[in-house]
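J.: Below are the chains, spelled out letter by letter.
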Amino acid sequence: MPKTKFPAVISTFLLCFAFWLLLTWSFALQELIAGAAVSLAVALFSARFFIHEKAFWFFNPAKLFSGLFYWLCIFPVELIKANLDMAGRCFGGCKKVNPGIVKVPVELKSEYGQAALANSITLTPGTITMETTEEDGQTYYYIHWIDVTAPSGKEAGDAIKGTLEKGLRRVWQ
Amino acid sequence: MAVRIISDILIAIGAIFALAGTIGILKMPDTYSRMQASTCVATLGVLGVTLGALLYAVFVMGSAAIAIKVAVIGLLILVTNPIGSHMLAKGAYKAGIRPEKKMDVDDLGRDFDE
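Top line first, the protein sequences correspond to chains A and B.
As numbered in my numbering, residues 1127 to 1299 make up the first sequence, in order.
As numbered in my numbering, residues 574 to 687 make up the second sequence, in order.
If you're looking for bench data, these hints aren't it; they were derived computationally from the structure.
Here a beta-carbon is modelled for each residue, glycine too, at the ideal position from N, C-alpha and C.
Any given hint could turn out to be false.
[To be verified] In silico DSS-like cross-links for lysine-lysine, where the CA-CA straight-line distance does not exceed 25 Å:
(1) A:K1180 to A:K1129
(2) A:K1222 to B:K663
(3) B:K642 to A:K1229
(4) A:K1221 to B:K674
(5) B:K600 to A:K1207
(6) A:K1235 to B:K663
(7) A:K1280 to B:K675
(8) B:K675 to A:K1221
(9) A:K1180 to A:K1229
(10) B:K600 to A:K1235
(11) B:K667 to A:K1229
(12) B:K600 to B:K675
(13) B:K642 to A:K1221
(14) B:K663 to A:K1229
(15) A:K1280 to B:K642
(16) A:K1222 to B:K675
(17) B:K642 to A:K1222
(18) B:K600 to A:K1222
(19) B:K663 to B:K674
[Claimed, not checked] Now the in silico label distances, taken between C-beta atoms and shown as ranges:
(20) A:L1149 to B:D677: 43 to 51 Å
(21) B:R671 to A:E1233: 24 to 32 Å
(22) B:G669 to A:L1147: 44 to 52 Å
(23) A:T1150 to B:I650: 42 to 50 Å
(24) B:G635 to A:P1202: 25 to 33 Å
(25) A:F1176 to B:L661: 19 to 27 Å
(26) B:D677 to A:F1176: 37 to 45 Å
(27) A:N1224 to B:I670: 14 to 22 Å
(28) A:F1176 to B:V576: 33 to 41 Å
(29) A:G1263 to B:M660: 25 to 33 Å
(30) B:L599 to A:V1203: 25 to 33 Å
(31) B:T595 to A:L1194: 27 to 35 Å
Here chain A stands alone, though its shape is the one from the complex:
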């Protein structure tokens, strides 16, 4: 089990405390102290599971901005396109499906980048990430795809996650 590192505790604490402020939405001294105590306890217990790489990565404004750009501009567009496609299939009687599981290579190296990409893929209707493996230093995802139109490998990867991966590469190199 990895050891708890001090910077990881601080950044987990900041995240928990920000969430507490959002949920309570009150700035009375008592509430702040109680929130700080609870956040510190949670951070001490969970920091080592939560943060494996650089602790203050997201406090870098350039990274934060490209992250916001991804989650507010690139991802919603893909999400709406996939949703319209899926809704069309559903209202059309669910006959136009050709499901299959394809294996695609992933370029991202960072753990967080890979997790964010896998979650983005699962969140778009029509694709679900089912399993990840690593072969010779190259990560692969097994993705269940509702309408297989390209053979496994790079082609299917571009069709499923080309835009998403390009956006995420700017956040996590």
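Given chain A, put chain B in place with the hints provided.
T.: Here is chain B on its own, set in the frame of chain A:
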């Protein structure tokens, strides 16, 4: 008044996508395709309704506390839903559930079943 109409339209859009997802859950041919259709409910269905409720809370009720809570509900559903779908799909596959009509491409079965 204009804000009220916009928030009603957003909630209606959310309801339409939830309806599409529900039809998909009932009529899709196999487990995994049904799971795909359910994602429709959890993304644009929830997003439409929460955005509509958010506009309503901010401009009609004028309450920041309610607005923040609505936003947090939407955010938490978006963050937790993919993990749930991923584990359900993986668990179903490991438990040996396969579609009746054989899939054209099944790399996971090819690589791990032997």
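J.: So which of those numbered hints doesn't the model satisfy?
T.: 3, 9, 10, 13, 15, 17 and 23
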